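Position chain B against the provided structure of chain A, taking the given hints into account.
Chains A and B, in that order, give the protein sequences. Our numbering puts the first sequence at residues 1 to 95. Our numbering puts the second sequence at residues 96 to 517.
These aren't lab readings, by the way, just hints derived from the structure by calculation. All values derive from a computational prediction rather than experimental measurement. Warning: the hint list may mix true and false statements.
[What the hints assert, rightly or not] Simulated pairs of lysine to any residue, SDA-like, Cα-Cα distance not exceeding 25 Å:
id, chain 1, residue 1, chain 2, residue 2
1, B, K502, A, G12
2, B, K210, A, N71
3, B, K214, A, L68
4, B, K204, A, V51
5, B, K210, A, T45
6, A, K66, B, W246
7, B, K204, B, D122
8, B, K214, A, E70
9, B, K432, A, T35
10, A, K66, B, D217
11, B, K419, A, T35
12, A, K66, B, T221
13, B, K214, A, T45
14, B, K419, B, N452
15, B, K462, A, E42
16, B, K210, A, E70
17, B, K462, A, I24
18, A, K66, B, H215
19, B, K204, B, L306
20, B, K502, A, A19
21, B, K462, A, N71
22, B, K462, A, M1
23, B, K204, A, A73
24, B, K432, A, E40
25, B, K204, A, D65
26, B, K210, A, C43
27, B, K210, A, L63
28, B, K462, A, E40
29, A, K66, A, T35
30, A, K3, B, L510
31, B, K432, B, P297
32, B, K204, A, G44
33, B, K432, A, G12
34, B, K214, A, N5
35, B, K432, B, Y386
36, B, K214, A, Q69
37, B, K204, A, Q69
38, B, K502, A, G20
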Amino acid sequence: MPKANVTFENIGITVTVPAGTRLIEISEKVGAGITYGCREGECGTCMMRIVSGMENMSERSVLEDKVLQENMAGRNNRLACQAQVLGGDIVVRPG
Amino acid sequence: MSEIGAIEIAPGTHWVGALDPGLREFDIILRTANGTTYNSYCVRGSAGVAVIDTVKASHADEFFARLEQVARYDEITTIVLNHLEPDHTGALPELMRRAPEARLYISGKAQLMLKALVKHDDLTYTIVNTGDFVELGDRTLHFLNTPFLHWPDTQCTWLEQQGILFSGDVFGCHFCDSRLFNGQVGDFRFSFEYYYAHIMRPFREHVLDALELIDPLPLKLIAPAHGPVLRDAPKSYVQRYRQLAAPLLHVGADFKSLLVFYISSYGNTQRMAEAVRDGAETIDGVRVSLYDLQAGGDLPFVDLIEEADGLAFGSPTINGDAVKPVWDLLSSLAVIKVRDKLGAAFGSYGWSGEAVNMIEDRLRGLKLRVPVKGVRARLIPTESELAGCCELGRQLAQHLTGSNEPKIISMSELLTRESPHA
Chain A
1 MPKANVTFEN IGITVTVPAG TRLIEISEKV GAGITYGCRE GECGTCMMRI
51 VSGMENMSER SVLEDKVLQE NMAGRNNRLA CQAQVLGGDI VVRPG
Chain B
96 MSEIGAIEIA PGTHWVGALD PGLREFDIIL RTANGTTYNS YCVRGSAGVA
146 VIDTVKASHA DEFFARLEQV ARYDEITTIV LNHLEPDHTG ALPELMRRAP
196 EARLYISGKA QLMLKALVKH DDLTYTIVNT GDFVELGDRT LHFLNTPFLH
246 WPDTQCTWLE QQGILFSGDV FGCHFCDSRL FNGQVGDFRF SFEYYYAHIM
296 RPFREHVLDA LELIDPLPLK LIAPAHGPVL RDAPKSYVQR YRQLAAPLLH
346 VGADFKSLLV FYISSYGNTQ RMAEAVRDGA ETIDGVRVSL YDLQAGGDLP
396 FVDLIEEADG LAFGSPTING DAVKPVWDLL SSLAVIKVRD KLGAAFGSYG
446 WSGEAVNMIE DRLRGLKLRV PVKGVRARLI PTESELAGCC ELGRQLAQHL
496 TGSNEPKIIS MSELLTRESP HA
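Next up, chain A with everything else stripped away, as it sits in the complex (with noise of 0.2 Å):
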């Protein structure tokens, strides 16, 4: 199975994760700090910035694209809640 590594740059972790995993899931118990509300992509409270590897992230759906418009995010912002990591090295970082 494809494996991509996600690098919580804030705490100076890296874990190795199955193609496909969210990023909430990896965050939550590698205790990264990435506050959460609703988990279902509609509060914006997950908001997280890619630090690098926004290639290697799944595209945004409708509704995370309109929720990042609504919170004025970054185009590095994504929803911990919704993105999942493809593959290959991720950086990111808490809001």
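Same frame as chain A, but now just chain B:
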């Protein structure tokens, strides 16, 4: 309505705000011994009239009565909103209804709040940034984007020809005195300081950025959104903000500061705290300080925390919870910026030992980084548990100095852990 009418603060420029002398508590978090004012201003130019900010909805009648003394609604071409909080925008929907030709000028970040406040489908407005301006004929309003003072949307407006800075909440305070000008009202110095400490302090980096824009202005008068109009020595308030936003005196070599707070019933959590300190001190470039929360009083600790880079909290578990002095301190941090500081927890317990995880969750909620799993010890810590505390301190210090080893872990390994942390 109170007896006073619109007050001219410069030729053609009037205060048309509202007095709220009975207010004793503002937005839950602030107390005031003599109320507050909601300051709104009306600027008349040769080719238009601008209203800068409005008032709280409950005081709208007062505002409109004063505004009508100095302008007709069909003369108003411009409405500037320096800050969208309801105490300044409560009268906005009605003002827009009465002056439908007026154009709104807001910062980019203010759009979200504007749409939440004014539920018009065909809402139109102009977004402005530093460098943008609007002309009223012989008067020009320049915009200064000053975000996070104290909301993301905040901006200041500079009336060039009269040297007036309409500063929004910056340089404001909750102090109500109908004599209005700083040289005439009662002694409001404490209110000015109190307002800064509770409203602006968490954003001191943004305060310093804003002062870079404000400092070069040839200020003759500062017209804030609350409290006295600062006509006498306006520059001194700018200087005072600079002093208040400056870090505490720092002498000696550069170091990272780690504070270890603890509270201990039988000395067990204290011994763990000492071990955390000892471990951290083995790393060069870190200054470690140990504080017993039993000494009480959150205020000096809040000051210390504002300046620190890392925080470790030691608490016993009593009835399944961390103890109150720890929560008291952790609930007192809204007045400072703690985001991205390093956090950790440890503690001795008798039966269940929930305190450490609860503190870690709170620290994450405050957006601290919690990179090292906390240490728990049942009653008297063993040598090995004390060594664990020492290691906790050492690793924290390494994270502070950037000398920590990158850690790599697999998802499957992570899933077997019982609590968050790699």
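Structure-inconsistent hints, enumerated in ascending order: 22, 24 and 34
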